[in-house]
Amino acid sequence: MCVGYNPRPPVMPSTTAVTVHVPAQLRDSCGGARSLQVAAPTVRGALQELERRHPELYRSVCDETGAVRRHINVFVNKSHVRDLAGLATPLAPGDELTILPAVSGG
Amino acid sequence: MAERVIVSIGTKKGLFVAESSKKRRKFDLRGPFGAGVAVYATLIDTRTPPRIYASSCNAFFGMKLLRSTDLGQKFKETKATPAFPKEDGRALANIWALEPGDGKKDLYCGVEPASLFRSADGGDTWEMVGGLSNHEHARKWHPGNGGLCLHTILRDGERLHVGISTGGHYLSEDGGATFAASNSGVGAGFVPDPYPEYGQCVHKIAGHKDAPGRLYMQNHGGWAERPGIGVLRSDDHGRTWTSIAKGLPSDFGFPLAVHPHDPDTVYVVPLEVPSRASPNGAPAVWRTEDGGGRWRRLANGFPKKDSYFTVLRDGLAIDDRKSPALYLGTTTGQLWMGRDGGEEWSCLFDSLPPIHCVKVAVV
Chain A
1 MCVGYNPRPP
11 VMPSTTAVTV
21 HVPAQLRDSC
31 GGARSLQVAA
41 PTVRGALQEL
51 ERRHPELYRS
61 VCDETGAVRR
71 HINVFVNKSH
81 VRDLAGLATP
91 LAPGDELTIL
101 PAVSGG
Chain B
1 MAERVIVSIG
11 TKKGLFVAES
21 SKKRRKFDLR
31 GPFGAGVAVY
41 ATLIDTRTPP
51 RIYASSCNAF
61 FGMKLLRSTD
71 LGQKFKETKA
81 TPAFPKEDGR
91 ALANIWALEP
101 GDGKKDLYCG
111 VEPASLFRSA
121 DGGDTWEMVG
131 GLSNHEHARK
141 WHPGNGGLCL
151 HTILRDGERL
161 HVGISTGGHY
171 LSEDGGATFA
181 ASNSGVGAGF
191 VPDPYPEYGQ
201 CVHKIAGHKD
211 APGRLYMQNH
221 GGWAERPGIG
231 VLRSDDHGRT
241 WTSIAKGLPS
251 DFGFPLAVHP
261 HDPDTVYVVP
271 LEVPSRASPN
281 GAPAVWRTED
291 GGGRWRRLAN
301 GFPKKDSYFT
311 VLRDGLAIDD
321 RKSPALYLGT
331 TTGQLWMGRD
341 GGEEWSCLFD
351 SLPPIHCVKV
361 AVV
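From first to last, the protein sequence lines are chains A and B.
Oh and the first sequence: position 2 is 2 in the numbering used here, straight run, nothing missing.
Oh and the second sequence: position 193 is 193 in the numbering used here, straight run, nothing missing.
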């Protein structure tokens, strides 16, 4: 007998299929897509998935520290993530994650 | 192709490129490129093939770097911009300086928060210059009103000078591997120690290729209790600095330019301290032709009253024609040209967005 052998399959981290809506200004950095499908358990996980698949898009949303840029707003469905749990906000199947530039400038 | 004068103008709303024949009688304007996005640094790289670069400080989506290979007919983003390592904890806020390096495609980039980056491929990939960016003083520098910016990069063989607001002047003598604060004689009016080791609010430093030991500095002057610390000169590669402000109406200002054919001829734009604008509403550039011994007011063609120009640290440039012209951009959106070394001024464009930076080259 092989000591330590576990016949059960490894437990995979849970992931959730959500839709990410991309603002018009950033669609060039993801092949023109208006929306993307990602599988992630949290907002942070969804952004990390964007970093892996579309690094230029990610850099336009987050800075080098991983923080969402000051003038970018991220919503889960109709709620701003700052009113939820920030980047730790959990995602449920079918959630819509919307990235929008803030109203500012002059 | 006949020689042309190219002026690259960074504004609050994008980059403009003005072009003229070498006689400089009429300039045509192109742009804005990166419309609506602030440009704080531009470079006309005259090495073959010539390229124009501009930072594009997008408040929403972060920094971009624009590059043109056709003298400003069109611009494309480079593949990357400088970025701090993930574990560093700092995030790029702005690009303030772009300068050519040694190799054909080498570039240096000064950023906010004050750090130095280097590219070996014309801006498509970047590496942080640790000797400056991770200097033991780096986490002690603090921002001035414009932000914590590394705004000046001067190369002189193995020597590399950088100017930081507020950090002071740093000198490398080993090609950028290591840096040391080099501010002897550079004063500060905003800390108890009038001559600190570092932390001065240096606004601009300029040199001359024919006199590498000679440097000029526009420092943050205008302090009643510490007069004369605003305009300085060094004759020993920036190791020590002495005041040359006597004779100026104010030692406060931002830009400084050196004549392309005479290292003793220098231009500054003195501003009133409270308003950061032209003294008494009468704009003028001041010139010395003896390295700062005497100064002369140059105002022919400028309005004589009711005009409050502010010219930022990179808002003054000079071309290298035999009789050079100066180019002065204001935060009220005017681009002025001063023919014959600033003897006669005329307004080239009077309603651009607020101007942050101006560069000129004859190509």
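Rather than coming from a laboratory, the hints here were simulated on the basis of the structure.
Treat each hint with caution, since some may be false.
With a straight-line Cα cutoff of 20 Å, these simulated EDC-like cross-link-like pairs (lysine to aspartate or glutamate) come out [to be verified]:
{"#": "1", "chain 1": "B", "residue 1": "Lys-79", "chain 2": "B", "residue 2": "Glu-127"}
{"#": "2", "chain 1": "B", "residue 1": "Lys-22", "chain 2": "B", "residue 2": "Asp-320"}
{"#": "3", "chain 1": "B", "residue 1": "Lys-74", "chain 2": "A", "residue 2": "Asp-28"}
{"#": "4", "chain 1": "B", "residue 1": "Lys-64", "chain 2": "A", "residue 2": "Asp-83"}
{"#": "5", "chain 1": "B", "residue 1": "Lys-86", "chain 2": "A", "residue 2": "Asp-63"}
{"#": "6", "chain 1": "B", "residue 1": "Lys-64", "chain 2": "A", "residue 2": "Glu-96"}
{"#": "7", "chain 1": "B", "residue 1": "Lys-105", "chain 2": "B", "residue 2": "Asp-88"}
{"#": "8", "chain 1": "B", "residue 1": "Lys-76", "chain 2": "A", "residue 2": "Glu-56"}
{"#": "9", "chain 1": "B", "residue 1": "Lys-86", "chain 2": "A", "residue 2": "Asp-28"}
{"#": "10", "chain 1": "B", "residue 1": "Lys-79", "chain 2": "A", "residue 2": "Asp-83"}
{"#": "11", "chain 1": "B", "residue 1": "Lys-64", "chain 2": "A", "residue 2": "Asp-95"}
Just so it is clear, the structure is predicted and the values come from calculations on it, not from any experiment.
Do the hints match the structure? See the list:
1. For the suggested pair Lys-79(B) and Glu-127(B), the alpha carbons sit about 14 Å apart, so the restraint of at most 20 Å is met.
2. Only pairs whose Cα atoms come within 20 Å are accepted, and Lys-22(B) paired with Asp-320(B) is accepted, the gap being roughly 11 Å.
3. Restraint check: the Cα-Cα separation between Lys-74(B) and Asp-28(A) comes to about 18 Å, which is no more than 20 Å; the hinted pair holds.
4. Simply put, Lys-64(B) and Asp-83(A) have alpha-carbon atoms about 30 Å apart, too far for the 20 Å limit, and the pair is violated.
5. Using a Cα cut-off of 20 Å, the hinted pair Lys-86(B) and Asp-63(A) holds, with the two alpha carbons roughly 9 Å apart.
6. Simply put, Lys-64(B) and Glu-96(A) have alpha-carbon atoms about 28 Å apart, too far for the 20 Å limit, and the pair is violated.
7. Our distance criterion of 20 Å between C-alpha atoms is broken by Lys-105(B) and Asp-88(B), whose separation comes to about 27 Å.
8. Straight-line distance between C-alpha atoms of Lys-76(B) and Glu-56(A) comes to about 14 Å, which keeps the hinted pair within the 20 Å bound.
9. Proximity of Lys-86(B) to Asp-28(A) is assessed by CA-CA distance (about 25 Å); at most 20 Å being required, the pair is judged violated.
10. At most 20 Å may separate the alpha-carbon atoms for a hinted pair to count; Lys-79(B) and Asp-83(A) exceed this at roughly 35 Å.
11. Straight-line distance between C-alpha atoms of Lys-64(B) and Asp-95(A) comes to about 31 Å, which puts the hinted pair past the 20 Å bound.
Hint violations for this structure: numbers 4, 6, 7, 9, 10 and 11, all remaining hints satisfied.
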